[in-house]
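*Asks:* Construct the entire structure; sequences and hints are all you get.
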Amino acid sequence: MPSSRLLNRLPLRQTVFRSSIFPGQRPLSQQLRMASGLARKYEINADMGEGFGRWKMGPDEELMPYIDAANIACGYHAGDPSIMLKTVRLCKKHGVKAGAHPGLQDMFGFGRRKIEIDPKDMYAMVLYQVGALKAILNSEGVELSHIKPHGELFFYMQRDETIMRAVLEACATFGDNIPVYASQNATQEAMCKELGIPFQGEVYVDIDYSSEGKLIPVAQSKVATPELCYERALSASLKDEGKDNSGGIFSFGFAGKPFSICVHSDHPTVLQNVTGVRKAVEEANKQRFPNASD
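First residue of the sequence shown? That's 1 in the working numbering, and the numbers climb one at a time after it.
Hints were generated in silico from the structure; no laboratory data involved. On a predicted model such as this, the values are computed, not experimentally measured, just so you know. Idealized CB from N, CA, C, for every residue including glycine. Each hint should be verified, as a subset may be incorrect.
[What the hints assert, rightly or not] Simulated pairs of lysine to any residue, SDA-like, Cα-Cα distance not exceeding 25 Å:
no. : residue 1 : residue 2
1   : K279      : E227
2   : K56       : M107
3   : K214      : F174
[What the hints assert, rightly or not] FRET-style restraints, in silico, Cβ to Cβ:
no. : residue 1 : residue 2 : range
4   : F108      : E62       : 36 to 46 Å
5   : G248      : S139      : 46 to 56 Å
6   : L228      : P119      : 30 to 40 Å
7   : T187      : K114      : 26 to 36 Å
8   : S139      : R288      : 33 to 43 Å
9   : F250      : G141      : 36 to 46 Å
10  : I249      : N138      : 20 to 30 Å
11  : A186      : Q105      : 40 to 50 Å
*Replies:* Structure, rendered in structure tokens:
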């Protein structure tokens, strides 16, 4: 047990908000929103806390003012206890929703390599990762906003319904108001409904889609420019359309429902990318959801 003298030296937990914002950042009123639940209008999410020890992955602090939801690495593909705590505090400071980003136990491969895992082990692994983040969130008085599987875990779920069920059953234990974020997938959406989990559809603007409208892994996608990210975000929001890697047009199938747009924090131009996406989101929300609350 720490002594009272030590406790007195610990830094106070304070929420600090900027008195002004830079162009392209979220309005201050939006920086205050941290509640869980489905998006009420178009939003931006980004993977955060994906360093380890002294190694840093993305510009988390610089990104926070531009995003609405953070997917926080939980220690398997990236992250460690101190980075998780630091990232939660950043979310609290900027009013960003704090979600769990569980992945495969593959830090060397950044959770993007194929690994065969027994569904029972997968269930336990997701419980372990999200539970660890939940404890840190509780210590800071912050709600668990959502859960979003990372990298190869996401693709594994699309290939294998037993893995999908194992992951979603683990997610369901954290409450019936905690959405699972994923690219549009009828099977996963139906399974979420069966398990009583809100399903939050999302769009990716910095990686490619196949001619079937399915996501292509980061390593196999072409580098997206900030201009392309802006165009993709605006097209998805206003037309419900995407362009595949062959130039064909496909429908996302959101039918007017708000969705989340993901940007990858490990991309070298992520700050430029997210600035363009923020601009597109603000433009689209003014047209589609002018009266939506934060």
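*Asks:* Would you pick out the hints that fail for this structure and give their numbers low to high?
*Replies:* Of the numbered hints, 3, 4, 7, 10, 11 do not hold.
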